[in-house]
Structures are given as structure tokens and as C-alpha cells.
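Protein chains in written order, with the working numbering: chain Z, 1 to 113; chain X, 1 to 115.
FYI, nobody ran anything at the bench for these hints, they're computed from the structure. Do not rely on the hints blindly, as some may be mistaken.
Below, simulated DMTMM-like cross-link-like pairs (lysine to aspartate or glutamate); rule was C-alpha separation at most 25 Å, straight line [unchecked claim]:
id: 1; chain 1: Z; residue 1: 22; chain 2: X; residue 2: 103
id: 2; chain 1: Z; residue 1: 69; chain 2: X; residue 2: 86
id: 3; chain 1: Z; residue 1: 49; chain 2: X; residue 2: 44
id: 4; chain 1: Z; residue 1: 108; chain 2: X; residue 2: 57
id: 5; chain 1: X; residue 1: 71; chain 2: X; residue 2: 103
id: 6; chain 1: Z; residue 1: 49; chain 2: X; residue 2: 86
id: 7; chain 1: Z; residue 1: 77; chain 2: X; residue 2: 102
id: 8; chain 1: Z; residue 1: 108; chain 2: X; residue 2: 56
id: 9; chain 1: Z; residue 1: 58; chain 2: X; residue 2: 103
id: 10; chain 1: Z; residue 1: 77; chain 2: X; residue 2: 103
id: 11; chain 1: Z; residue 1: 108; chain 2: X; residue 2: 50
id: 12; chain 1: Z; residue 1: 69; chain 2: Z; residue 2: 15
id: 13; chain 1: Z; residue 1: 58; chain 2: X; residue 2: 102
id: 14; chain 1: Z; residue 1: 49; chain 2: X; residue 2: 103
id: 15; chain 1: Z; residue 1: 49; chain 2: X; residue 2: 56
id: 16; chain 1: Z; residue 1: 22; chain 2: X; residue 2: 86
id: 17; chain 1: X; residue 1: 15; chain 2: X; residue 2: 50
id: 18; chain 1: Z; residue 1: 69; chain 2: X; residue 2: 56
id: 19; chain 1: Z; residue 1: 49; chain 2: X; residue 2: 50
id: 20; chain 1: Z; residue 1: 22; chain 2: X; residue 2: 102
Selected chain Z positions facing chain X (Cβ under 7 Å, derived; list incomplete) [said to hold, decoys possible]:
id: 21; residue: 39
id: 22; residue: 43
id: 23; residue: 46
id: 24; residue: 49
id: 25; residue: 90
id: 26; residue: 104
id: 27; residue: 105
id: 28; residue: 106
id: 29; residue: 110
Glycine is no exception: its CB is placed at the ideal position from the N, C-alpha and C atoms.
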Amino acid sequence: AQSVAQPEDQVNVAEGNPLTVKCTYSVSGNPYLFWYVQYPNRGLQFLLKYITGDNLVKGSYGFEAEFNKSQTSFHLKKPSALVSDSALYFCAVREDSNYQLIWGAGTKLIIKP
Amino acid sequence: EAGVVQSPRYKIIEKKQPVAFWCNPISGHNTLYWYLQNLGQGPELLIRYENEEAVDDSQLPKDRFSAERLKGVDSTLKIQPAELGDSAVYLCASSLRTSGSDEQFFGPGTRLTVL
């Protein structure tokens with residue numbers, strides 16, 4: 001069965017420092033991996049995706065994520081955090097043969113000035 | 001390009017009353033999703049449409065929830081009668097199913113409060 005884990009409910013980072021939001025997954029086939037961000041009272045916004053190819057994926061707002069097949073992880077990263085990055089981040093996965101997305105529980109990212 | 005449009009943004013009703021939510025997807029997107037999101041949690045799929053066909057409604061509580069997408073464009077999700085536990089944000093998303101990935105684009109959601 002497919003599953004996604006975001007092991008941290010909340011991540012606190014000082015502005016200007018690098019940030020990492022963790023995601024691990026479990027699928028039977030090839031994974032399609034996604035990161036979304038949700039600001040308060042807003043819908044989810046697509047950040048980036050991994051389908052195939054280069055393991056390092058670059059996305060919106062300076063975010064990037066690294067696909068690690070051996071560790072079944074897809075951690076979200078940013079070299080220098082901004083206060084405006086504070087939001088709820090969701091990782092999602094689906095198999096290449098199944099269109100249903102499985103969502104993580106979300107990680108609240110707090111960037112302190 | 002206009003995004004996914006949902007209305008209303010907020011709805012407060014008494015329990016046992018009916019309620020309906022409307023969604024207009026991004027033009028040209030053939031796949032439409034309805035999700036339920038509780039506070040601080042990830043979205044839970046209720047139903048997925050490919051054009052006008054509901055291809056996955058296994059998570060839809062069919063005793064009180066119904067949905068339609070008659071012309072394969074906009075969609076309506078209805079709850080009748082509403083229960084206290086239905087209070088949540090109802091999200092609509094759309095995507096263009098291609099041979100590659102199909103990232104979903106979300107509307108702002110409808111926040112339902114059942115009193």
C-alpha cells in the first residue's frame with residue numbers, strides 16, 4: 001500500500017538559515033512525488049514535483065527537493081529561509097500506474113526573524 | 001489564466017440542513033477532484049472525475065454526500081443532511097491528465113461550519 005510520512009509536525013528555522021522539511025514514502029511501483037504549500041486561509045499551491053530524471057528538483061520560490069531512492073525520501077530544502085516561507089507544507093506521492101495522490105499530514109514551517 | 005474557482009468561500013448552517021458547493025476548474029482540465037481537509041491535516045479525497053465520469057468515489061459517504069459534473073466542466077458537491085462532523089474545508093482541484101505527471105491545481109476552498 002502507498003503511504004507518505006512527514007515525521008515533523010513543526011519545523012522552526014531562523015531567517016537566513018537553510019531549511020529542510022522531511023518526507024518519506026512507500027509505493028510499490030515508480031513514485032511520482034510532489035510538494036505543496038498552504039498559506040493560512042488559502043488553497044494548496046504546487047511547489048515542485050519529481051517524475052524521473054535528475055534527483056535534484058527545483059521549484060517555485062527558491063525551493064528544491066532531492067529524491068533519494070535508496071532512502072525512499074523526498075526532502076524539501078531551501079538554502080536561505082524567509083519569514084514569508086512560514087506556512088504548512090504537504091508532501092504527496094502516487095505510483096506511476098495509479099492516479100490517486102496519497103498525502104502526508106503536513107509540516108508547519110515557522111521562520112523566525 | 002484563471003485558477004480554480006470555488007463558491008461560496010464560507011458557509012455556516014444548522015445541522016440537518018442541506019448545503020452545496022460549486023467548483024469551476026481551470027479551462028481545459030479534464031480531471032476534477034473534491035477533497036475534504038480538516039484543520040492541520042492533509043486533504044482526503046472524496047471523489048475524482050475524468051470529464052463527466054466519476055472514476056473514484058470510494059471515499060464519498062454516499063448516504064449524505066452527492067456530486068455531479070454534468071457537462072464535464074464545473075461541478076457541484078452536496079451534503080444532505082449536514083452533520084456536526086462535516087465541518088471542514090472542502091477543496092476542489094483540477095488537473096490535465098497527460099502521459100506524464102498531472103499536478104493538481106487547487107481552489108481556495110469552502111469552509112463549512114455546521115452548528
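Tested hints:
1. Among the hinted pairs, residue 22 (chain Z) with residue 103 (chain X) is consistent with the structure: their alpha-carbon atoms are about 20 Å apart, no more than 25 Å.
2. A threshold of 25 Å between alpha carbons decides the hint, and for residue 69 (chain Z) with residue 86 (chain X) the separation of about 38 Å lies outside it, so the pair is violated.
3. For the hint pairing residue 49 (chain Z) with residue 44 (chain X), the CA-to-CA distance comes to about 20 Å; that is within 25 Å, so the pair holds.
4. Pair hint residue 108 (chain Z) plus residue 57 (chain X) does not hold up; C-alpha atoms about 30 Å apart against a cutoff of 25 Å.
5. Distance check on the hinted pair: residue 71 (chain X) and residue 103 (chain X) sit about 23 Å apart at the alpha-carbon level, within 25 Å; holds.
6. A distance of roughly 31 Å separates the Cα atoms of residue 49 (chain Z) and residue 86 (chain X); the hinted pair therefore is violated under the 25 Å criterion.
7. Simply put, residue 77 (chain Z) and residue 102 (chain X) have alpha-carbon atoms about 22 Å apart, close enough for the 25 Å limit, and the pair holds.
8. A hinted pair counts as satisfied when its Cα atoms are at most 25 Å apart, and residue 108 (chain Z) with residue 56 (chain X) does not qualify at roughly 30 Å.
9. Taking the CA atoms of residue 58 (chain Z) and residue 103 (chain X), the gap is about 15 Å. The hint holds against a cut of 25 Å.
10. Between residue 77 (chain Z) and residue 103 (chain X) the alpha-carbon distance is near 20 Å, which keeps this suggested pair within the 25 Å criterion.
11. Distance hint between residue 108 (chain Z) and residue 50 (chain X) is unfulfilled; the C-alpha atoms sit about 32 Å from each other, more than 25 Å.
12. Our distance criterion of 25 Å between C-alpha atoms is broken by residue 69 (chain Z) and residue 15 (chain Z), whose separation comes to about 30 Å.
13. With a C-alpha separation of about 17 Å, the suggested pairing of residue 58 (chain Z) with residue 102 (chain X) holds against the 25 Å cut-off.
14. Distance restraint check for residue 49 (chain Z) and residue 103 (chain X): the Cα-Cα separation of roughly 8 Å lies within the 25 Å cut-off, and the hinted pair is therefore satisfied.
15. Distance hint between residue 49 (chain Z) and residue 56 (chain X) is fulfilled; the C-alpha atoms sit about 23 Å from each other, no more than 25 Å.
16. At roughly 30 Å between alpha-carbon atoms, residue 22 (chain Z) and residue 86 (chain X) are farther apart than 25 Å, so this suggested pair is violated.
17. Distance check on the hinted pair: residue 15 (chain X) and residue 50 (chain X) sit about 32 Å apart at the alpha-carbon level, beyond 25 Å; violated.
18. Of the pairs offered as hints, the one joining residue 69 (chain Z) and residue 56 (chain X) is violated, with about 29 Å between alpha carbons and a cut-off of 25 Å exceeded.
19. Of the supplied pair hints, the one linking residue 49 (chain Z) and residue 50 (chain X) holds, its CA atoms being roughly 22 Å apart against a limit of 25 Å.
20. Distance hint between residue 22 (chain Z) and residue 102 (chain X) is fulfilled; the C-alpha atoms sit about 23 Å from each other, no more than 25 Å.
21. Taking 7 Å as the C-beta contact cut-off toward chain X, the hint placing residue 39 (chain Z) at the interface is violated, the least distance being around 10 Å.
22. A least Cβ separation of about 4 Å between residue 43 (chain Z) and chain X falls short of the 7 Å threshold, and the interface hint therefore holds.
23. Given the 7 Å rule on beta carbons, the hint for residue 46 (chain Z) holds: about 5 Å separates it from the nearest Cβ of chain X.
24. Restraint check, residue 49 (chain Z) versus chain X: the minimum CB separation of about 6 Å is within 7 Å; hint holds.
25. At its closest, the beta carbon of residue 90 (chain Z) sits 5 Å from a beta carbon of chain X; the interface hint therefore holds under the 7 Å criterion.
26. Taking 7 Å as the C-beta contact cut-off toward chain X, the hint placing residue 104 (chain Z) at the interface holds, the least distance being around 6 Å.
27. Residue-level restraint check for residue 105 (chain Z) holds (minimum Cβ-Cβ distance to chain X is 5 Å; threshold 7 Å).
28. The closest approach between the C-beta of residue 106 (chain Z) and any C-beta of chain X is roughly 6 Å, which is under the 7 Å cut-off, so the hint is satisfied.
29. Residue-level restraint check for residue 110 (chain Z) is violated (minimum Cβ-Cβ distance to chain X is 14 Å; threshold 7 Å).
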